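Add chain U to chain H, keeping to what the hints say.
Those protein sequence lines, which keep their order, are chains H and U. Just so we're aligned, residue 1 is where the first sequence starts under my numbering, counting upward by one. Just so we're aligned, residue 1001 is where the second sequence starts under my numbering, counting upward by one.
What the hints contain is simulated information worked out from the structure, not anything from laboratory work. These numbers were taken from a predicted model, which means no experiment stands behind them. Check each hint, because a few of them may be wrong.
As the list claims (entries may be wrong) - Listed next, the in silico DSS-like pairs over lysine-lysine satisfying Cα-Cα at most 25 Å (straight line):
{"hint": "1", "chain 1": "H", "residue 1": "209", "chain 2": "U", "residue 2": "1021"}
{"hint": "2", "chain 1": "U", "residue 1": "1347", "chain 2": "H", "residue 2": "21"}
{"hint": "3", "chain 1": "U", "residue 1": "1465", "chain 2": "H", "residue 2": "437"}
{"hint": "4", "chain 1": "H", "residue 1": "209", "chain 2": "H", "residue 2": "465"}
{"hint": "5", "chain 1": "H", "residue 1": "347", "chain 2": "U", "residue 2": "1052"}
{"hint": "6", "chain 1": "U", "residue 1": "1347", "chain 2": "H", "residue 2": "52"}
{"hint": "7", "chain 1": "U", "residue 1": "1391", "chain 2": "U", "residue 2": "1486"}
{"hint": "8", "chain 1": "U", "residue 1": "1426", "chain 2": "U", "residue 2": "1490"}
{"hint": "9", "chain 1": "U", "residue 1": "1478", "chain 2": "U", "residue 2": "1383"}
{"hint": "10", "chain 1": "U", "residue 1": "1465", "chain 2": "U", "residue 2": "1486"}
{"hint": "11", "chain 1": "U", "residue 1": "1209", "chain 2": "H", "residue 2": "347"}
{"hint": "12", "chain 1": "H", "residue 1": "426", "chain 2": "H", "residue 2": "437"}
{"hint": "13", "chain 1": "H", "residue 1": "21", "chain 2": "U", "residue 2": "1272"}
{"hint": "14", "chain 1": "H", "residue 1": "347", "chain 2": "U", "residue 2": "1021"}
{"hint": "15", "chain 1": "U", "residue 1": "1209", "chain 2": "H", "residue 2": "21"}
{"hint": "16", "chain 1": "U", "residue 1": "1368", "chain 2": "U", "residue 2": "1300"}
{"hint": "17", "chain 1": "U", "residue 1": "1021", "chain 2": "H", "residue 2": "272"}
{"hint": "18", "chain 1": "H", "residue 1": "372", "chain 2": "H", "residue 2": "347"}
{"hint": "19", "chain 1": "H", "residue 1": "300", "chain 2": "U", "residue 2": "1486"}
{"hint": "20", "chain 1": "U", "residue 1": "1300", "chain 2": "H", "residue 2": "21"}
{"hint": "21", "chain 1": "U", "residue 1": "1347", "chain 2": "H", "residue 2": "209"}
{"hint": "22", "chain 1": "U", "residue 1": "1209", "chain 2": "U", "residue 2": "1465"}
{"hint": "23", "chain 1": "H", "residue 1": "153", "chain 2": "H", "residue 2": "372"}
{"hint": "24", "chain 1": "U", "residue 1": "1421", "chain 2": "U", "residue 2": "1490"}
{"hint": "25", "chain 1": "H", "residue 1": "347", "chain 2": "U", "residue 2": "1437"}
Number of protein chains: 2
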Amino acid sequence: MVVRSIATSAAVKSVHTTCSKNLRVDTMNTRLRTMQYAVRGEVPIRAGVLSKELESERQQGISNKRPFGKILFCNIGNPQSVGQKPITFFRSVLSLVDNPRLLTSASVHTLFEDEEIERAHDILSYLPNGSGAYSDSQGVEGIRRNVAQFVEKRDGYSCEPSNIFLTNGASSAIQMLLTALIADENDSIMIPTPQYPIYSALISLLNGKQAGYYLDEESNWSLNLQALESSFDASVSQGHRPRAMVVINPGNPTGNTMSYDDLCTVVRFCEKHNLVLMSDEVYQENCYNPTERPFVSCKKIVQDLGSDVELASFHSTSKGFIGECGRRGGYMEMHNFDPQVQAEIVKLASSGLCSNLDGQLMLDLMVKPPTKGVAYSTHMDEKSAILDSLKVKADMVYEMLNQTPGVSCQPLEGAMYAFPKLDLPKSFVDRAIADGKSPDSMYAISLLESTGICTVPGSGFGQVKGTHHVRMTFLPPKDELENAMKQFQKHHMSIR
Amino acid sequence: MVVRSIATSAAVKSVHTTCSKNLRVDTMNTRLRTMQYAVRGEVPIRAGVLSKELESERQQGISNKRPFGKILFCNIGNPQSVGQKPITFFRSVLSLVDNPRLLTSASVHTLFEDEEIERAHDILSYLPNGSGAYSDSQGVEGIRRNVAQFVEKRDGYSCEPSNIFLTNGASSAIQMLLTALIADENDSIMIPTPQYPIYSALISLLNGKQAGYYLDEESNWSLNLQALESSFDASVSQGHRPRAMVVINPGNPTGNTMSYDDLCTVVRFCEKHNLVLMSDEVYQENCYNPTERPFVSCKKIVQDLGSDVELASFHSTSKGFIGECGRRGGYMEMHNFDPQVQAEIVKLASSGLCSNLDGQLMLDLMVKPPTKGVAYSTHMDEKSAILDSLKVKADMVYEMLNQTPGVSCQPLEGAMYAFPKLDLPKSFVDRAIADGKSPDSMYAISLLESTGICTVPGSGFGQVKGTHHVRMTFLPPKDELENAMKQFQKHHMSIR
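The shape of chain H in the complex, shown without the other chains (with noise of 0.2 Å):
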């Protein structure tokens, strides 16, 4: 600590209040200092605040001077938050299980469906203690085996429902594996450049070390295998141990949904390598193009292949044609994987006793969709409407972001985001270097004050040195996104 002999009161006052903190930047621990994770960095907080004060004003009465009305969060993945509606099967289901008493009232033939009260009774038979207790700590065992069944139907072989992991989000999962796989400061983690940065991120957090390998922007960001050897030496050649590889499939923030071929090509090089093979595919249900380009899960990779490769699967109840974020339902499949290590990360789950049962229940009724009945013609038109909705504004983004000239953007065949590229003038990024910032930061800054439109800056996912990006999700409703494209255009052509 600087001791000062000489200074006002006033100075000696802010030293002390500054320095007298035992928990101050300047010994908290470097690693969650120096971690970013842009997806709610720097952009939407800007975002957040010119919010605020749009509300402020708006309630004050005083005129908008701003070239927009509202903010459009497009930064993040979050449907409901842009007007998407809860599927009513689920939502019923949830509130007889979380108050039964509903179940017991008179008019419950007149509110709910018979297949909402039948499947709220199967739950309460392997729930007998309701959705108030702590449960196991990797989850309810009657849902873990909802997941299984599911797991075997998607791929057609067996999961045993003691592999599965009932956690807060596909966050907690993620969290907990990277938890358990880095021992020390030498162990890399292979993940995608771009990526979803909860990666680099929890690698930071955990002293890891990364090891990105550049998917393949112009042919739809597919997968190179020199671009995988290379990644791994230059891990190795820094003296780091790679331990994992991350595919992220379909693809966030690149919309690309990965060919059954490229996943052969992970499976055979995490094999030949060595390395566990985790498989973020939270996504899984957001595929646009499923007659070309379906969906493949790298469980079904590994089975077809007969390899022994360590695989780590994550689901998430957030996105698909689901859009439950605020339930923090997520799941784990573990393949593969020794027993003992396994049984640590129990361990890890008990320590924070489990995830919450909202979560875990609404996973158990995304895995167990109704089949029959008003409930089930419901469920499908409602799904429908979401996913073909989906399909219709990615298809619009995608085009409206190739006509602009100056920007380019591969085919979005699956999750919720475009990551086109954007050729900005040399002036432009010439001032961005000059004032220290990143270009497509300052673009986004940009494109947010002039426009009203939140994304998030392509550095934030990473890409190739020299290119720039921004991630926007097509979630808004059409004829708001439409019009955003518009003023995106309209901006995009006076950047100087």
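Leaving out everything else, chain U in the frame of chain H:
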């Protein structure tokens, strides 16, 4: 990897299977491997196996040869798993908010009380997208405002919503703060002995050091300034840097409630040594002698003393009379912290996106219960019934423990646990040591196997060397608990 040139093919296969894994017990994160969490450790795991055996035998019609018919899970504070009913108002409002279709149904007024409907509308006013979207990383602002008002009303001092973090249970808040605090392996955290093992588990996982300070069992687990100073000095003399001090009030596993004077001692001690104070107050509603020993928050003490100690306070929906463990609702209030550090903790929260919304909603209801009409009177009746029953059971367990020769237990003023001290015969202790077990673990296992009562050995919480304890909840229904205590007495007197 060991290469074996001569081996049977089965052995080769087995060696291969074990050694080919990337993630093995010997290559995983050592800090996770050595981490212990006794609340769901050896004894509860054995209890789970026994419980399944009993169930399976019952289903197959095999007669039970054990001296007990079921396992009584007294290892964990999980009220609704042992028969406590959820509070009507909370579940009613939760179901209305999660399934707002009910609000517009014709029978809403026959199914729900006016206050329940009003409260649901109130919540939806500050949660306009409902409970299916990610909230702010720190939690829904309207809920944080209600938490702040609850804290203000409780303590008589102001509280800022921006200092409130809504989390997946208190566990997750504790992990966030310790993640920021533990900067390297020399940072130590002062924790009580005995303590709730999430502290020792997380300190170990996050690569910090424990500095245990003893509570004085004989004077009802009170604080001893000399013990605090010795613990601090011992940590410093080992080259460690004490960063924070943890208090658990009311005490877990000790069942005491801290006096006003002891709390002042804690705050002054933290001031003197510039320590962050972490106050675990999840049992603040569980006080069974509120006239003589009321709960006082550390926040109030810090304000009463005009102290600038950095204080993090934790609370939860899992305990109190609510017992909504499955919701995983909790909050942390950060008081007197550096705003820059607080911003880093917001970033950490945002990397997990947000805590689950049903947990946030339950917390909202907990801090703002009904105030009028039928909903209010029902609520107060349910609350009193649960708290009165807990008091009766605490008194019964206290008396029956102290009536048992060789067992002593301090007054049970708060929380949900008894932590009796057990005199064990020398022959028993010697046998345990010869078997490489801690005597209290061997005791807890023998208690389980002969009575079906599942407890947690004192060694999982920490205890003075040479003393032996178990922790048991007094949550089960009174008749079951009374019967269990009789079995306990019989078992204890049979120990040789």
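Here is what the structure says about each hint:
1. H/209 / U/1021: 20 Å, holds
2. U/1347 / H/21: 20 Å, holds
3. U/1465 / H/437: 58 Å, violated
4. H/209 / H/465: Holds - the C-alpha atoms of residue 465 of chain H and residue 209 of chain H are around 19 Å apart, at most 25 Å.
5. H/347 / U/1052: Judged against 25 Å, a Cα distance of about 20 Å means the pair holds.
6. U/1347 / H/52: The hint holds at about 20 Å.
7. U/1391 / U/1486: Distance ~19 Å between residue 1391 of chain U and residue 1486 of chain U Cα, so the pair holds.
8. U/1426 / U/1490: 19 Å, holds
9. U/1478 / U/1383: Holds. Residue 1478 of chain U to residue 1383 of chain U sits at ~17 Å (cutoff 25 Å).
10. U/1465 / U/1486: With a Cα-Cα distance of about 28 Å, the restraint between residue 1465 of chain U and residue 1486 of chain U is violated, given a limit of 25 Å.
11. U/1209 / H/347: Since the Cα atoms of residue 1209 of chain U and residue 347 of chain H sit roughly 20 Å apart, the hinted pair holds (cutoff 25 Å).
12. H/426 / H/437: 14 Å, holds
13. H/21 / U/1272: 12 Å, holds
14. H/347 / U/1021: Between residue 347 of chain H and residue 1021 of chain U the Cα gap is close to 20 Å, so the pair holds against 25 Å.
15. U/1209 / H/21: The given pair, whose Cα atoms are some 20 Å apart, holds under the 25 Å limit.
16. U/1368 / U/1300: Within the cut-off at roughly 20 Å; holds.
17. U/1021 / H/272: Holds, at roughly 12 Å.
18. H/372 / H/347: 40 Å, violated
19. H/300 / U/1486: Answer violated: residue 300 of chain H to residue 1486 of chain U is near 55 Å, above 25 Å.
20. U/1300 / H/21: 20 Å, holds
21. U/1347 / H/209: 20 Å, holds
22. U/1209 / U/1465: Holds, because 19 Å separates the two Cα atoms, which is no more than 25 Å.
23. H/153 / H/372: Holds: residue 153 of chain H and residue 372 of chain H sit about 18 Å apart, inside 25 Å.
24. U/1421 / U/1490: 16 Å, holds
25. H/347 / U/1437: Given that 25 Å is the threshold and the Cα spacing comes to 20 Å, the pair holds.
Checked against the numbered hints given earlier, this structure breaks hints 3, 10, 18 and 19; the rest are met.
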